[in-house]
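What follows is the residue order along each chain.
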Amino acid sequence: MERKHAIFPARVGIIFLTPAILFVIVFLLYPFVRVFLLSFTNQTLLGTTAPNPEFVGLDNYRHLFNPDRWMRLGEFGSALKITTQFVVGSALIGQAGMGMLIAWAFYRKRGVLREVVFTLVILAWIIPETVVAFTWVAFLDWEFGTLNSVLETVGLGRPDWLFERPLQSIILFNSWRGTAFSMLLFSGALETIPPSYVETAEVVGATAWQKFRDIFFPLLRGHILTDLILITLWTFNVFTPFLLTGGGPAKRTEVVSIYTYRTAFMGRHEFGKGSSIAVVMMLINLGLALIYLASIRRRRAT
Amino acid sequence: MSRSKFLTLLLVTVLALGALNIGLVQAQEPVKVTITCRCVVGGVNHNLAVWLTTFTIPTFEEAMAAQGTPIDVELVEFGGGDEQLKEQYALDLSVGSGYDIISFDGFWVPEFVGAGLLKPLAEVVGPEVNDWEGWGHISDGIQAILSYQGERYGIPAGTDVRQIFYRKDLFEQAGIALPWQPTSWEEVLDTARTLKEAGIETPLQVNAGTAMGEATTMQGYFMVLLGAGHHLYDFDDGKWIIKSQGILDTLNFYKTVYVDEGLGDARMQLLQDGRNRSFVGFRDGQIAMLVEGDWFWRSVIAPGSETAVENRNEVVGWAMMPAKEPGAGYRGQDFVSISGGTGWLINPNTPHPKEAWAFLSYMSSRDQVRAFELMQPRISFRDDVEVAGDPVMTAMANALLQYSTVRPMLPEYPLISTEIQLMTERVVSGEMSPEEAMDAFAEAVTEIAGADNVKTLE
Amino acid sequence: MNSFVIRSWLARGLLFAFSVVIAASFVTPLLWLITAPFNTQANLAVTIPTNPSLANFEAVYHNKFAMRALFQNNLIIGGGVMVLVAGVATMASYGLSRTHVPGRDVLVYVLILFSSVVSGTAAMVPIFLLVFRLGLIDTYAGVILVMTGGLLPSAIFIMRDFIDSIPRSYEEAALVCGASSLRVFRDVALPMVRPGVVVVAIWAFVNAWGAFLIPSVLLRSPDRMPASIASYSFYTEAGTPNLTLLSAYAFLYTIPVLVLYLIVNWRFGFRFFGGIKS
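Residue numbers (the working numbering), protein chains in the order written: chain S, 1 to 302; chain H, 1001 to 1458; chain L, 2001 to 2278.
Hints listed in this document are in silico derivations from the structure and should not be mistaken for laboratory results. Every clue listed holds true.
With a straight-line Cα cutoff of 30 Å, these simulated DSS-like cross-link-like pairs (lysine-lysine) come out:
| id | chain 1 | residue 1 | chain 2 | residue 2 |
| --- | --- | --- | --- | --- |
| 1 | H | Lys1196 | H | Lys1168 |
| 2 | H | Lys1239 | H | Lys1255 |
| 3 | S | Lys81 | H | Lys1255 |
| 4 | H | Lys1455 | H | Lys1243 |
| 5 | H | Lys1032 | L | Lys2064 |
| 6 | H | Lys1032 | H | Lys1119 |
Cβ-to-Cβ under 7 Å is the rule here; a few derived chain S residues that face chain H:
| id | residue |
| --- | --- |
| 7 | Leu45 |
| 8 | Leu46 |
| 9 | Gly47 |
| 10 | Thr48 |
| 11 | Pro51 |
| 12 | Leu162 |
| 13 | Thr245 |
| 14 | Gly246 |
| 15 | Gly248 |
| 16 | Gly267 |
We put the beta carbon where it would ideally sit given N, CA and C, even for glycine.
Turn these sequences into a full structure, and let the hints steer you where they fit.
Here's what the structure looks like:
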């Protein structure tokens, strides 16, 4: 990508950035630092550790990774495992895959079909959380849900989604919910390709695969990467599945965001511990981003 | 007019207005008191909101104005969920703010007091609270709902009892004799088996699992545990009981019902909206026996509710929950029940404690409570107010209050309750055996309460 | 017919079939939302009501608290967040694009990471304490400012591509003619990035419309509660939902964002980046 040059001196740029800088310092940096510091205490909102919190060093972190039981259902290790499955299924395969597919299918096409599809996909994204959760509980209901009515008519039986396949249920749900974001990101990325490249390729008789390999992928690698990072981050932090399964049955769909909620918001409101979870998650996401970036750089080198 | 005359006139006018103003202030400035609860006119707990806004508050304000000490009372409706209300209370109290009179679930009191967020009534208002006439009409057991470490923190508003509700029509269908009052667990289980053979989908439902929260611990676990012989906490010793034959018996009861014989629907206990499903199931005749509390009768299946049972009085019966065997229950009882309760507290941060107390005591006086009772019959916390218009409610209260006990009022209780829910969940889902689940429970509670505060019963 | 024509018909047919499958998959889960509100016996099934009626809506209307929440508070909060996020993010992206800021992309990503921590449940108590110290508890301003802070990094990320793609020639020309930087921004650049601003505005509005966590922590008066919280007033005291009322309320809750999106899409087109073809 070309390096863009500046047209204003730094002094002017600061003026434009000032409101954002203020917001970031007051409402992002300050709370973040507080959360970071809290992760080293046993602060709670209720109970006797509320008025007298103690500094506990890395105890909260150690407790998260306690080897004796951390993979037990309801503990952090289990939450991580479930979240990973959830992210791979929903973010990578579901959202990114589906989003890319739709963006690609409608690349450079206009018309009613595109408008209808895009609108419906986006609809799934903009409907308020609480409403969407409700409609999906109804949709997935074993006895009365629409999904099972449809599946039964085509002879695929009536799986007990929320009870026997809870992870599949939330993956399905979140893919449905999040496809729009990926679709819009990839659609936008595709539009940055100069049409002349594609037209030339078509004139020469290139197949879809060749077009993909020689034009789209090289030009869009950077875009696809940053989009994947964002989609993964969003999926790691999404909380709406809680309204569907509550993290159950029996903690089987307790992704990390739900585990954090249970720690920081219920019971004694142990937000010291909750903060440590948030910090760990941030580090994991940072690590993933670095891995993504490194893999791209390596490919560029070869 | 000359300059000096004008200035004099101005001065006199200002002084006059000033004097008038001061006079006005002294005579008329009303004191503002706020009260909040989870109640919304046209929404949740509609009756409570209506009683406050159309009856209690206006009559109180009138009386105070006539007395020359005007007090303005404002109801702040809260339309969120219970957990959110608790969260708001915790946050507000922690920074020294919050509304003046707050509705509170009794078992939250210890953890709030432990966090230094609440103070006893006598400290907030003054020693005169102990002279209130109402205390003489409220039993010690009910006063205990909002008491902690011997101090009163608020005035109770209601309590409840728990029992087995059953569908008489389904029982008839299965050929079971009515009225039905089992005297042992085996009888309950046998009845369930008979119902199962007669084709009833889910004969018995006893709450388990974390999705139902405190409803699991109270209507489920405690109702069985108390029948197995002991409480969760040894009140004499001051220790939590973490391992015992009683706990094993309880877990095995769950296992029999849900895992071994399919007398209950485990699925319902593990789904997020299980409680609602159990209500719907009872309404639609899929569940024959449900262990619930008296609000189930007066609110959930009452006419007008979404889960109302048609011809409730003919179709639904109730029975006391038996101990494992006669005499084997807690305190040697044949039957068991446990009561929760809610009430109203006065915020220690209130700028107007005396006025808040004036309203609170007024609101809890006999006539006011009677008016509410007429709107919504329920177990009354004052002995001079009877349950109005519903003989079934009266019968429940008379039968069960004597057997009832309460939760241990300690800051650790809510955490331990969560462990209980987890324990039942593990057994009902088949994930762990009763022994394993009890071991996990023991480990968790030891960590919560400290090794010095737990014991095992042989 | 030659193979090219056949291939293009096949491609069209394939696209049509694909569209139908996608459209159906995305619409089916929503069917409950359009049938249940009109059904006085609503349950979890999708049934065409035999006697469609507006009774549920009427009952919902009587809940003044919930009505005010939706038709007043959601609009205020949504509108405030929308304007603030769009304005601040556009200015900031512009600044980042038109001046040399080292490590710009990394900076934005790090801020996005921070925002993910700060929007989570763990940060709610620190946020409460911060807003309390600012004296903004139970105010619209408190909620709007906190939400804006959380959404800003992602908004800047979205705007960045839009602004980067716009050729600088016009602005440079204007600068040469002696225009001040603010004038250049307002009169030259802004009209060109309008589609991007619109996207960010709608995205911010939608986020604020559905927000639950932050309002529940920062708001107290029933007069200020948004619809997401007011939904719980349609639950019973036992915590079970009143499906008939809840479905009607959910329906009302959804309509405004839907209508807004449709209008904006029709008028401006809704897509990320792609406003200007170079």
